[in-house]
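Asks: Make the full structure from the sequences, and use the hints.
Number of protein chains: 2
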Amino acid sequence: MYETLAVVGATGAVGRIVLEQLQKRDLPFRKLKLLASQRSAGSEVRYAGETIKVGLLEPGAFNNVDLVIASTPDEVSADFAPYAVKEGAVVVDESGYWRMDPKVPLIIPEVNPEAVDKHDGILASPNCSTTQMVVALAPLHRAARIRRVVVSTYQATSGAGLSGNVELNDSVRSALVGKTHPPKTFQHPIGFNLIPQIGSHKYEGYTSEEMKMVYETRKIFGDDEIQVCPTCVRVPVATGHSESILVETEKPLSVEEAIELFNGFDGITVVDDLANMQYPMPRDCDGKDDVFVGRIRKDISSPNGIAFWCVSDNLRKGAATNAVQIAELMMKQSSK
Amino acid sequence: MYETLAVVGATGAVGRIVLEQLQKRDLPFRKLKLLASQRSAGSEVRYAGETIKVGLLEPGAFNNVDLVIASTPDEVSADFAPYAVKEGAVVVDESGYWRMDPKVPLIIPEVNPEAVDKHDGILASPNCSTTQMVVALAPLHRAARIRRVVVSTYQATSGAGLSGNVELNDSVRSALVGKTHPPKTFQHPIGFNLIPQIGSHKYEGYTSEEMKMVYETRKIFGDDEIQVCPTCVRVPVATGHSESILVETEKPLSVEEAIELFNGFDGITVVDDLANMQYPMPRDCDGKDDVFVGRIRKDISSPNGIAFWCVSDNLRKGAATNAVQIAELMMKQSSK
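As you go down the protein sequences, you meet chains A and B in turn. Start counting the first sequence at 8; every next residue gets the next number (the working numbering). Start counting the second sequence at 8; every next residue gets the next number (the working numbering).
Just to be clear, a hint being listed does not mean it is correct.
Which copy? The list can't say, so a pair holds if one copy fits it or any two copies do.
Cut-off 25 angstroms, straight-line C-alpha distance, at most; resulting in silico cross-link-like pairs (BS3-like, lysine-lysine) [unchecked claim]: (1) Lys125 <-> Lys209; (2) Lys186 <-> Lys295; (3) Lys209 <-> Lys305; (4) Lys191 <-> Lys258.
Don't read these hints as lab results, they were simulated from the structure.
Replies: Have a look at this one:
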């Protein structure tokens, strides 16, 4: 049983949505504890009609805590997760730090729920750009075995947290009056611009964000033979990551089969009517929990390819919603 | 000899840059005539220190005109080009109307200059998204024969003319104060949003803009076996189309070979230093005539692939500059 739940990073862009999702999904815990680093500890947060004071994230904070949902930078997670586990808590972590650790399961509840059964105290939620892609790929992989994915992303500024959106607004406002707002969160001005770099150089000309899409996809599907060629690009959109995806499968799929597979999968909504200008767009997916797919068509450059367009709220399914769903799944398992 | 040059659509987004390029490149004509449709005829335009009155585009307007550079919508070109040719002019057309006509050569001077030699009075300049891609692909194709291209575009609002940029600004300003500016030029609000549709439905789920990238690429290279899978997306950027390109060649190319080929090709500038955050971005390419490439790396999902990022000012190499270069090439040929 998980009686006491702690939310770490409760005041951040993702943490706020974690709290909203906990209420919306009505998770069966008795006590809620909020924790944050020095900067935000001491502040007060409203939850279910009550005011909760945010405690400091420090050793000892997890005594009597059963389950943790954490949205922090990598280095914060590297530091606190070990002592949280030692103090008896199980940690559902949204940072990138633990994801590729062989002892840590990497979970999307609709895709690999069985992975929650085996862990050493830490479970990880995938990177935002990976999560929405893997949800969309899952039904195609089950039906036709995916061999290769070529993906180009159009990633929102909120992927960099609240400061990303502040910088987008400042950058756009400055550009509108012919000025340049000096970038801090991003490498270059993002207003009316594109930045083809997310993260730092990682492998053979690919960035860390790009290699997450390669490694995490393989780990979640448990298939190291899936080839992924990613290009990750930051765009001047506040919320909602978009992805142009081309997938090659072992068994060819028709467009009709692909649409049927998408429609039959939990967590995917198909919006696909080009003649009537209907397809997923960031402004329509903001605040929604599903992964949206559209522009579904045969790849006209290969016999076994399907091309499509995929949008999802990166703070929700890409982060908060998926982590809360992992916690929900664990609570269900433990109450069996 | 081409003594009198006419610029049709001289007051539009592209027409203005055509005039700028004519001066910059110092083309050897004696007389300049400016023409536009009813709405803009009668206005005055400054050129080389003189004021030129814009004449009306109508039958008879091309008597004594030798060469025409035209930037108009398709339907305007369909109407005027035949009578311009009948009146004795040769038309370099930037619209989409004539490009796929078997009697009309489709030209990028760096790629297929020989194509200007054979025409029936009309020569076409390719679509903006095609032009920059084909320039970037040309050296790779010559060295290693391209078999397949997967491309996702990030296209600027100026591709829809001056009204596109006005709408981008209005849409962004409205969104900043929590309002929605009703779209007219685009299908949906473009401020802080992405629209995965450019043009209308054309073929099997692909848009007209996407199929231009397929058909025009094959025509320019004279190779109908090149397979192209395009996804065209409008982004909230004013000027500069960007493209995430994956190319598969018959002969494998190393990254070093690809960079050397790009560097050796007229009209391409390589900006490629991820460690120092250097790569092409729309804000750096605005107002420049070259095609910029960066993020050049091996495709980690196929043995013969190269992935790269390509940016160019869509009003310049993607339109005005290429058309003026075609005119320049014809003037050179005729003076031989």
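Asks: Could you run down the list of hints and mark each one as holding or not?
Replies: Structure-based check of each hint:
1. Lys125 <-> Lys209: neither (29 angstroms within a copy, 50 angstroms between copies)
2. Lys186 <-> Lys295: Classified as between: cross-chain Cα gap 20 angstroms, same-chain 34 angstroms, threshold 25 angstroms.
3. Lys209 <-> Lys305: between (32 angstroms within a copy, 14 angstroms between copies)
4. Lys191 <-> Lys258: neither (47 angstroms within a copy, 43 angstroms between copies)
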